[in-house]
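Enquirer: Each protein sequence line maps, in turn, to chains R and G. Residue numbers for the first sequence follow my numbering, beginning at 1 and rising by one. Residue numbers for the second sequence follow my numbering, beginning at 1001 and rising by one.
For the record, the hints were derived by calculation from the structure and aren't laboratory data. Just so it is clear, CB atoms sit at the ideal spot from N, CA and C, and this is done for glycine as well. Each hint should be verified, as a subset may be incorrect.
Derived PhoX-like pairs: lysine-lysine, alpha-carbon spacing no greater than 20 Å straight-line [to be verified]:
#	chain 1	residue 1	chain 2	residue 2
1	R	Lys47	G	Lys1043
2	R	Lys47	R	Lys108
3	R	Lys108	G	Lys1076
4	R	Lys44	R	Lys108
5	G	Lys1043	R	Lys44
Covered stretches of chain G (chain R as the covering partner; in silico rule of three or more C-beta atoms under 8 Å from a C-beta of chain R) [to be verified]:
#	segment
6	1023-1032
7	1104-1114
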Amino acid sequence: QSALTQPASVSGSPGQSITISCTGTSSDIGGYDYVSWYQQHPGKAPKLMIYEVSNRPSGVSNRFSGSKSGNTASLTISGLQAEDEADYYCSSYTRSSTLELVFGGGTKLIVL
Amino acid sequence: EVQLVESGGGLVQPGGSLRLSCAASGFTFSTYWMHWVRQAPGKGLVWVSRTNTDESNTRHADSVKGRFTISRDNAKNTLYLQMNSLRAEDTAVYYCARARAGGAFDIWGQGTMVTVSS
């Protein structure tokens, strides 16, 4: 079971919007509305930012939004801020016989 | 405060064993599915194991099946990961995580480092 596919890095200037894609298959992203997104700063534990494709946990800024089309999920961050610079990971349940849940390889967001 | 605190990591020789613990507080531990996720140095997140609320249904990634065992003690509010026959490729930070409905991990521990080396 391969990890979900994310770009290695994306960048944007403060105030801009960026989108991170996460591509899977019909056995994971395309088959479930259970896509999550996590933010991880260096040396820290991941933090849940989006669950069930487009829902934000309490306390997460509404600058973060999620969507899905077919086998690809997306995380959009609007009004970029310096503190958004971090690694972002997507995840999805999978019908794989070898795993229950699969993560993307991670995307480094660089705020210029 | 809702939190998870892992312990038990360390340096172990190939073929050795370790048991990780994850102490939960601030929520009703017995009502949540719990997972272990690991992250090798400089690498991404990888799902390892999962247990339902009463340990009647557990699942492990193929990469650790037969070597790792997830368990829980709801009376002690603690999750465990017994790791046997450890390999160099098991070297990673191990996180325990609480799962909400839909499989999203809404609470994570701080992680515990496991290093497998001679």
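Enquirer: Next step is simple, just say for each hint if it's right about the structure.
Expert: Do the hints match the structure? See the list:
1. R:Lys47 x G:Lys1043: holds (17 Å)
2. R:Lys47 x R:Lys108: Roughly 15 Å separates the two Cα atoms, so the pair holds.
3. R:Lys108 x G:Lys1076: Violated. Lys108 of chain R to Lys1076 of chain G sits at ~38 Å, over the 20 Å cutoff.
4. R:Lys44 x R:Lys108: Holds, because 14 Å separates the two Cα atoms, which is no more than 20 Å.
5. G:Lys1043 x R:Lys44: Within the cut-off at roughly 14 Å; holds.
6. 1023-1032: violated (count 0)
7. 1104-1114: Holds, because 7 residues of the segment 1104-1114 of chain G bring their Cβ atoms closer than 8 Å to Cβ atoms of chain R.
Hint compliance for this structure: hints 3 and 6 are not met, and every other hint is.
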